[in-house]
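*Asks:* Grab the two chains, each in its own frame, and use the hints to assemble them into the complex.
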Amino acid sequence: MNRRTTKFLSKSGRMTIFYIFIVGILFVILTPVFFLVSLSFLSTREAYQYPLPILPELVTKFKLEGGEKGYLVSVYDRLEGEYQTVQDTDDLNKLSVYFKSQLSVYMSEEEIAERIAEFEQTGEPVYFTGRKNLIHNYNTFFKITRDAGPAFLRSIQIALMTIAISLTIGGMAGYSFARYIFRGRNALKFSVLFVRMFPGVAIAIPMVIILVNLGFYDKPFGLALVYSVGAIALTIWITASIFLGIPVSLEEAAQVFGASKGRAFMRITLPLALPGLAAAAMYAFLGAWTETVSAIILTQFNPTFSVVVYQSLLGSVGQVNLAAAGGIVFALPAVFFTFLIRRYIRQMWGGITV
Amino acid sequence: MSETTLTKPRPMTWRKYLDKAFPYLLILPVIIYYIIFWLRPVFSMVIQSFSSLEGEFTLNNYYMVLTDAAFGPALRNTAIIVAFSVSVEFIFALALALLINRKWRGSGIFLFLAMIPMAIPAVAVGAMWITGFTAHGWINSLLYYLGIIELNEKIYWLAASQIAIMAIVILIDAWQVIPSVMIILLAGLQNIPVETEEAGYVFGGSYVYVLRKITIPLLKPTITTAIILRLISAIQIWLIIVMLLGFSRMPVLVERIVYYYEEVGNLYVSAQMAAGYTIIVSFIVSLAAMVYLFVSGAFKSDDEEARL
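Residue numbers (my numbering), protein chains in the order written: chain A, 1 to 354; chain B, 1 to 308.
The set of hints was computed from the structure by calculation and includes no laboratory data.
Footprint (simulated), chain A over chain B, 3 or more residues, beta carbon under 8 Å:
1. 145-155
2. 260-274
Some chain A residues near chain B, calculated using beta-carbon distances under 7 Å:
3. Leu225
4. Thr290
5. Gly327
C-beta atoms are modelled at their ideal positions from N, C-alpha and C, and glycine is treated no differently.
Bound conformation, chain B alone (with noise of 0.2 Å):
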């Protein structure tokens, strides 16, 4: 651009600008949708969540809330699925990312097999699981000619205690969950060059050692991109509980939210309820990742900005 300049200072100088504009017109249609299509129903909601019926300002559909019978509920559940969701489910997943990457004899057709469970959407793997679950269902069956019960002893899974239902929809979550997660992992795996932990062996370096030492070190962008997810949408699970209970049975925080607006969305407060939920959620979620991101150090800025 330089030479151009010199010869034909004058004209040139709106295309300098528009140089330097130039990115910014590509990422403007994003920003404008955004506007359109995000902050303005994120904003509604905001001033919906903070609004009497007759429009004034109130911190009463908080207060709602906040003492709804099936707030604390809510809200205990919702933190015990995301618990195991992001620790137990997460370890899980870096284990057998670990033993896939290892190249053994059909681990790519395993790694085949084992992409189906994220592949299936949510309502087919509800389907999956309601059928199973109900006592004449599959699983019952399955238990039966494998000898473990007898032909009358049925199991009445659905019908069991809080916790026993907890356990079901937590095991339902990992199946869907851990091979997810598992190729996240093993992408940032693979991106690792053979020869740093080969370093680490020949320096005398256990497998447990250069796992520590080097691997995980390495592999740490992708595992915080990872749990990073996995802490988003675990804090928003709710269809496949409802599929599985019906609502009210084992409430969630975003059940919460489609309940009020969907099942009795023609009591006087639902709307008001709806609101006061979604933007609670919303803060939990935000909240959550942003302590995450910044523990894990992700916030640190690129360093070609700081250039800038």
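One chain only, chain A, in its complex shape (with noise of 0.2 Å):
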């Protein structure tokens, strides 16, 4: 072996090991997401049986006999690699429902009917598949969960009010922080950081007070005026740096040719600015989606979908793979604007520095 290959053997050694690496830590990361998506499609038999399925099961096998009370059905276990059987009874309504309820099969008493018709005339056990209804969990999480649905729309609402608070009044300041330079700046800006070192549950105690003599307790304007306490300092933030980007020689110009002040901020800098206020924006929906604690504490009969999802986990009355499907449902709009507004992550942390 000459050096040259043995170079090349010890770098591709070296690449191999590093890649094992690399998938090791992505294994990491991915499993427990995988899964809870797993877990959210899996029909409420599977979500209870140890060791749990890997992937949901797509067509159900069932099998159909005589049974001391009626017709005895089994089911195709994967695990144990035979028919259990899990139903003995001569009623319709009871098998449609349990096919339902515990494996997502969503099969009709006549379908089913059709299926015994088959077995009396034979007197063979009968085979026959349903195919299961992968989005069952999601039905019934907003179907059973109290207020499930109604919590997502007012989630939806929080998020947009705060949007708007936050950037009107946090747009302007960072406007402010990055075009002029004033007595008090470096001040003001540490006064940002310094909101976020009082935790949030400490804020909303003495904010029910508050809101209730507002007459906003318990209500989705409520909880945006305390989200919008953290969005504003962050919007300062993500704002101020959008703003220094964009050069004041664009304005002056414009003001050269005889627009006034508020108009070339409108026609030249506004529009440059578009993306990133966005982004600010995104992240304003993205805290006021996701908190929990400050909503657990401020509502009472109208949650948001955050407080939902939580009570659904905590309470023993929830099935693991519902709350998993909530838990879903509450994930993924957040999951979906992070990644929409990755570039700016990375842009705002590169460019802020305490």
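*Replies:* What follows is the structure in structure tokens.
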């Protein structure tokens, strides 16, 4: 072996170890996510099996034969590799309900009756399959969880109000920080950080009284007011770095051509800042959408979606697969927006130093 | 402006004042907002922490908190979590950021996937790990499929010793925190001009030498940002612990606030205890942040402001 081959081998060996290492990290990162997604598609019967199936079954195989009380229905169990009896009844309605709630298979009484007729004709066990309704858990979560649908809409409403408040108030301040040098500027910059040092719970508890007095307790607007405290601080940071990136000379040029200060801002700076402002808006959305603690304290009969998911997880009545479905619905908008603004996340952190 | 003031001196003076006041006018709404919706609640919390039930001044609330049986463990648990979060987890995040910054085949996809944990809300993260760490959860199932444990030897994770549970909490924290810290550090790394590091190599520096003498010093402002944000939120950890273990199993400081406010809110000392804990937590957070900012030298004022 000459030196070049050794070098190549040692390099490819290093690369292999490197990529094994990378795959290992990805495995750790993605496994919990994978199992939560998978769990949200499992039928109730599967979700309470041990070991937990890695992937949901798409089609459930049934066996129907004569039983003591009526008809013996068995379900094929992938783990055991055999049919397991689940029901012995002649009540078609009971069977249909069982199929739906435990196996996520939507089969009407008529369809089951057809199978039974088949069995009665031959006397031999009848094998048939039922296609699993994959979004059964999602449907059920919204159906049985108190208020999940309205809470979902309410959360969106709160997030939009938070965006509106934080973008106007915070955007103005951000512009000021970026364009002007004034006394106390540095102290104010730190106070923005200081605001984050007080735990959210600590604000939420005294806010109960303040919001009751204002008439906004247990109302979406009240929560938007609370969420804006954090969102404004963040918006100032983001918008300041955006406006810093837009040369002030552009605005001045417009003013030379006779535009007023306000007009120059509206026609020149604002359109250029728009993508960055959108990123700030999405940040505000994420903050408001995911916040749970203040929402627990500041709502009573009108919870946000995060509170609904939180309660479905804590409650002993909740089924894990339903809670998983709720968690996925809750996480999806957050993941979507995070990836939409991922360029800005990096830009923002790169531009900001404490 | 100077030409206009020359031609029309009088009517323009108010304009001059307005120009001077303009930056303050722009930040005025923020200041008002924060006075109403931040300073006021904070203030009333401070007042409450110093008042007895009858509304008189007292230090008794703090005495109650400090002698609370759970205060010591809460402080200790929080300290352990914070220590891990800003040290071990931080070093991992820095290593990952340096790794991705070297731009290898697939680093873009890796970054994309590594961002997933930071995008998932805390409650959904809770869902993920609760379903994992129960005895018949996916972690035991996975270990079974991988052949590590037998079918009948389920590990009862959440019934484990206090130290093991602490390790689990730190692990979950690491899972979510490392990617987000990594993103911040990566952003800082990408702002460092390639030439500076190349210059280090040209003069014969090894990778470690360049890292120590060039990259890390240039990255220092970003590191300060990342650590300060981590410090602030690590001290305030509680939701994942409560979701996993319920209240009082592994007390941490903020968990105590919620415990006294939500769980045993009807006790006649509840509000007092919650207030006391709140102020103590806020004090610890602010103190830690201030000390860190002071030590890292971030308090040096801007040059621009010094010129004013």
